[in-house]
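Top to bottom, those sequences are chains A and B.
According to our numbering, the residues represented by the first sequence are 1 to 426, in order.
According to our numbering, the residues represented by the second sequence are 1001 to 1194, in order.
Do not take every clue at face value.
[Claimed, not checked] Below are the DSS-like pairs computed for lysine-lysine, each with C-alpha atoms no more than 25 Å apart in a straight line: (1) A/Lys303 <-> A/Lys150; (2) A/Lys176 <-> B/Lys1039; (3) A/Lys235 <-> B/Lys1039; (4) B/Lys1188 <-> A/Lys394; (5) B/Lys1119 <-> A/Lys235; (6) A/Lys250 <-> A/Lys235; (7) B/Lys1119 <-> B/Lys1188; (8) A/Lys394 <-> A/Lys124; (9) A/Lys250 <-> A/Lys303; (10) A/Lys413 <-> A/Lys349; (11) A/Lys250 <-> B/Lys1119; (12) B/Lys1119 <-> A/Lys150; (13) B/Lys1039 <-> A/Lys413; (14) B/Lys1190 <-> A/Lys176; (15) B/Lys1019 <-> A/Lys150; (16) B/Lys1039 <-> B/Lys1119.
[Claimed, not checked] Incomplete in silico selection of chain A near chain B, CB under 7 Å: (17) Ala66; (18) Glu70; (19) Leu218.
These are calculated hints, taken from the structure and not from any lab test.
Beta carbons: idealized from backbone N, C-alpha and C, even for Gly.
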Amino acid sequence: MTDRLPGFATLAVHAGAQPDPTTGARATPIYQTTSFVFNDADHAASLFGLQAFGNIYTRIGNPTNAVLEERVAALEGGTAALAVASGHAAQLVVLQQLLRPGDEIIAARKLYGGSINQFTHAFKAFGWNVAWADPDEISTFERAVTPHTKAIFIESIANPAGSITDIEAIAAVARKAGVPLIVDNTLATPYLIKPIDHGADIVVHSLTKFLGGHGNSLGGIIVDAGTFDWSRDNKYPMLSEPRPEYHGIKIQETFGNFAFAIACRVLGLRDLGPALSPFNAFMILTGIETLPLRMQKHCDNAKAIAEFLAGHPAVSAVNYPGLPGDRYNNLQRKYAPKGAGAVFTFSLKGGYDAGVNLVSNLKLFSHLANVGDTRSLVIHPASTTHSQLDDDAKVRSGAGPDVVRLSIGIEDKEDLIADLEQALDA
Amino acid sequence: MNHDAYDDNYIRSILNNVKSIAMVGASPVNVRPSYFAFKYLAQRGYDMIPVNPGHVGKTLMGKPFVASLADIGRPIDMVDIFRNSSHIMPVVDEALALTPPPKVIWMQLGARDDAAAEKAEAAGLKVVMNRCPKIEYGRLSSEISWMGVNSRTLSSKRAPIPTQGMRLSLNRTSLGGGQTAASDRAAKNKSETS
């Protein structure tokens, strides 16, 4: 038997899946059930005691979801994964394993707006404090480290402007501080960037975006890199100390290099409850099979459109790391040489009114609050997602009045350019 | 033998070929990892022998505890050591004194003693360190996939439905030697700094 490393596209189709034991079904069946029968009382006790591999209840695990978990773990180069109901749920479950009231997380200032809200408001109510740092200034992460710091959180490609984060530099800060680096890899997907190769200890995704890729199903996932020693200094008692709810089991001692994924499942998902529907898992799995094809097309289209916009007289600036001269172009060539992603912003000389007009004049781009769909999407943040912020805050978060965000789909690029052209000229 | 990262074929050949396993440090307490591993390997058809001087007179899954490897009184294929790294060497010495000696010394997850490994290998034994045979069996058979764990194997064959006492096929296609590069690198760094 020869061992060879299958390519990314092979893993995207096969990892985690095999023909169904009972029926031989080749596509992964949708196990749309809440619960699974036990063989006998001993089997039930073994499953509840975490002693046997198997299924109990879909809030803890489901065979369709398990295929998705192994698939994404394989694509990211992690030891295990846990699928949950949304990207937000993934972040909640991850941090619940790491933080106690009074603890802190250092987060990149450039994050998806929904994550900024979640960290600022919901997590603050749990007593989890956030120290914001600037991903363009690594020293701000170093200075933010305190004895209460439990994790560092960044996005590989940051929303909304598509800027590229220097993952290795921030991983070095995390290592020195003795805390795990969590990377949200939603906008890059492992096709473009594999954060674990650059020092990430945990990767999270909103599967809703490019991984699912068709704008039809919410989902989130947590990938354990298997790299962090949770028991070194008692900073992470959920993993290193005996768990009373499992008769005193120590999670890392029992599960080794996939202990974090298990903790997220049997302590986080079990008790917090944001389980992924098996139907959504099936839809997302189907999407992942074509991830390499779609992602390359997304990136190629986005580059062509960024080039078109950069040459248009109504446009004052384009923020796309794939353009030579962009401030993130060097980082893009290092971390994401296959492409710079498909979400970026540009600014209009005509300001707020021009942004509103552009959105209303587009005929092919859809005006909505999502990214990573087969369809091309547009939003004018100042009049929608960021409308509640004051003008200064809008500018600081990259959503000034003149800024438009695009998520480029996989249509023919000539049609997308024609649509933008007619809307800019209208 | 590179003990920082094992090729799947090495682990696979051990788990496919051994039939009897003496578990040193087996516990009758049903929340200890040694208990889980013992029970799982017994359910997968291995002839399991619990070794622990503190529990002689008791049984584990119907098998009577023995005080030492010498007390087993018949040849065994593998010794699985559920002890801390500092307690490995005396067990290896005891194993090497058996006639015939076992074919494999396996040190449990978290346990590693390179000097003991070298001594056993010099005597012609195979050695695995810092791994759990339950996890490796579950991984190579893909049974562990139920837990969202990356088995690092692929197969286009219909999966079996495991039943009590059933040995599963471990002969799936491995991905690049079955290594997760990042986790192996982290384990190596840890073993060098500790």
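Structure-based check of each hint:
no.	hint	result
1	A/Lys303 <-> A/Lys150	38 Å, violated
2	A/Lys176 <-> B/Lys1039	41 Å, violated
3	A/Lys235 <-> B/Lys1039	32 Å, violated
4	B/Lys1188 <-> A/Lys394	46 Å, violated
5	B/Lys1119 <-> A/Lys235	37 Å, violated
6	A/Lys250 <-> A/Lys235	14 Å, holds
7	B/Lys1119 <-> B/Lys1188	21 Å, holds
8	A/Lys394 <-> A/Lys124	22 Å, holds
9	A/Lys250 <-> A/Lys303	49 Å, violated
10	A/Lys413 <-> A/Lys349	24 Å, holds
11	A/Lys250 <-> B/Lys1119	32 Å, violated
12	B/Lys1119 <-> A/Lys150	42 Å, violated
13	B/Lys1039 <-> A/Lys413	59 Å, violated
14	B/Lys1190 <-> A/Lys176	14 Å, holds
15	B/Lys1019 <-> A/Lys150	45 Å, violated
16	B/Lys1039 <-> B/Lys1119	30 Å, violated
17	Ala66	5 Å, holds
18	Glu70	5 Å, holds
19	Leu218	18 Å, violated
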